[in-house]
Amino acid sequence: MTRTEAWPRATPSIIPPELIRPIISYIGDDIPTIHALTLTCKLLQAEANLFLYHSFTHRDPIKHGIFLRAITTNPQLAALVQVYHSEDIIDQEDRELWVLTKRGVRNMTNLNELAFRSSYGVSGQPFLEGCTFSLKTLLWDSKTDQAGIPQFLENQPLLTRLAWTCRTHTIVSPLACPSLTVFEGNTRAIEAVIPGRTNVERIVWTPDHDREYHRYAPPMSHLSAEFSGLRSLSFGAYSSRYCLITIVDYLKSLEFLELLGVYPWDIHLIPTLPSLKVLVFSFDSWGRKVLPLPVESREIVVEACFSKCPRLERIDIIHEERDGGEDVYQRWNYNIFQKDTVAFSEVCKGRTAYSHRRESGVIEI
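For the sequence shown, the working numbering assigns the number 5 to the initial residue and increments by one for each residue that follows.
No wet-lab data here; the hints were simulated from the structure. Ideal placement from N, C-alpha and C gives every residue a C-beta, glycine not left out. Hints may contain errors.
Restraint ranges, calculated between C-beta atoms of paired labels, are given here [as the list claims (entries may be wrong)]:
no.: 1; residue 1: V294; residue 2: L23; range: 51 to 59 angstroms
no.: 2; residue 1: N337; residue 2: I271; range: 18 to 26 angstroms
no.: 3; residue 1: P20; residue 2: T202; range: 42 to 50 angstroms
no.: 4; residue 1: K256; residue 2: E22; range: 43 to 51 angstroms
Work out the full structure, taking the sequences as your base and the hints as a guide.
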């Protein structure tokens, strides 16, 4: 090649997104590094933005402000957001953040999961006005938003998980959110949402604060058909719960039961659950962590449950609270009568194990 001949121009190589995305995922939570990728080229910018704006769950109001300003000035970024949580971020004095949230949520046209909680009495209902997204998960806890939620739910056909605390008598149309399979709420919310929904498979039932010292729930016989289809139930919260006897006769299909705290009569009622496969005993109070079953009497209770529950395969019992880490449970397996220890995250997998067995045909828990 002579000096007068030109070097052949290199053909620009296009790296497939399938190779770029694992690299960005490997970077993980190093946000400054991922942000730096947005300044390199359009290809890396687009892929890095997918990672940066896919979900936002921080609890720092300053970070919320930065995030919301970005998506309100650039609708293309807002369209990338699929998960957004605003939990105790907005107080009544921060008007700018309230306005940014209202504009930002409205721009999140592809949002799948939304969580809002306000302990300050701030209404989140205006954030839902004019929104066009179709959610799969809604986690809503605001004592000032009772009237607007039922109407909003009527426009959410894809919603599969709903967490809602209802403080007044409310009725939700049984035609609303027809895909709902998981519900978390207090007694009033259950009475509002569950009637007519035999497809709900998991309920997280928390007590009403104004009824928390009552051992017996209101009559639930009108929900016997709905409860008979439940596969998973977490019963109670960090205050108190009703007696299991109020609903035990209806739980014919229940495979997973988590009791927060243990009442003396619970042990006698557990064998009446014909389909039970996993039993969990968890803490029942916040700040006063009392083990639900004393260590010295656990073997007697475990042996009694296994001998009287023909399908029971596993029992998990809270054993140790770890500050800054996961609580530790003792695990007992049928036919292997020895205890092991597992982390709380492992225990949680049992809450939805029924869905994996149904989809794959696998019987293993």
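* Does the hinted range 18 to 26 angstroms hold for N337 and I271 at CB? -> 19 angstroms, holds
* Cβ separation of K256 and E22, checked against the hinted range 43 to 51 angstroms -> For K256 and E22 the Cβ distance comes to about 47 angstroms; the hint holds.
* Asked: Has the hinted range 42 to 50 angstroms been met by the Cβ atoms of P20 and T202?
  -> 45 angstroms, holds
* Asked: Between V294 and L23, is the Cβ distance one that fits in 51 to 59 angstroms?
  -> 53 angstroms, holds
Figure legend: structure checked against the earlier numbered hints; every hint is met.
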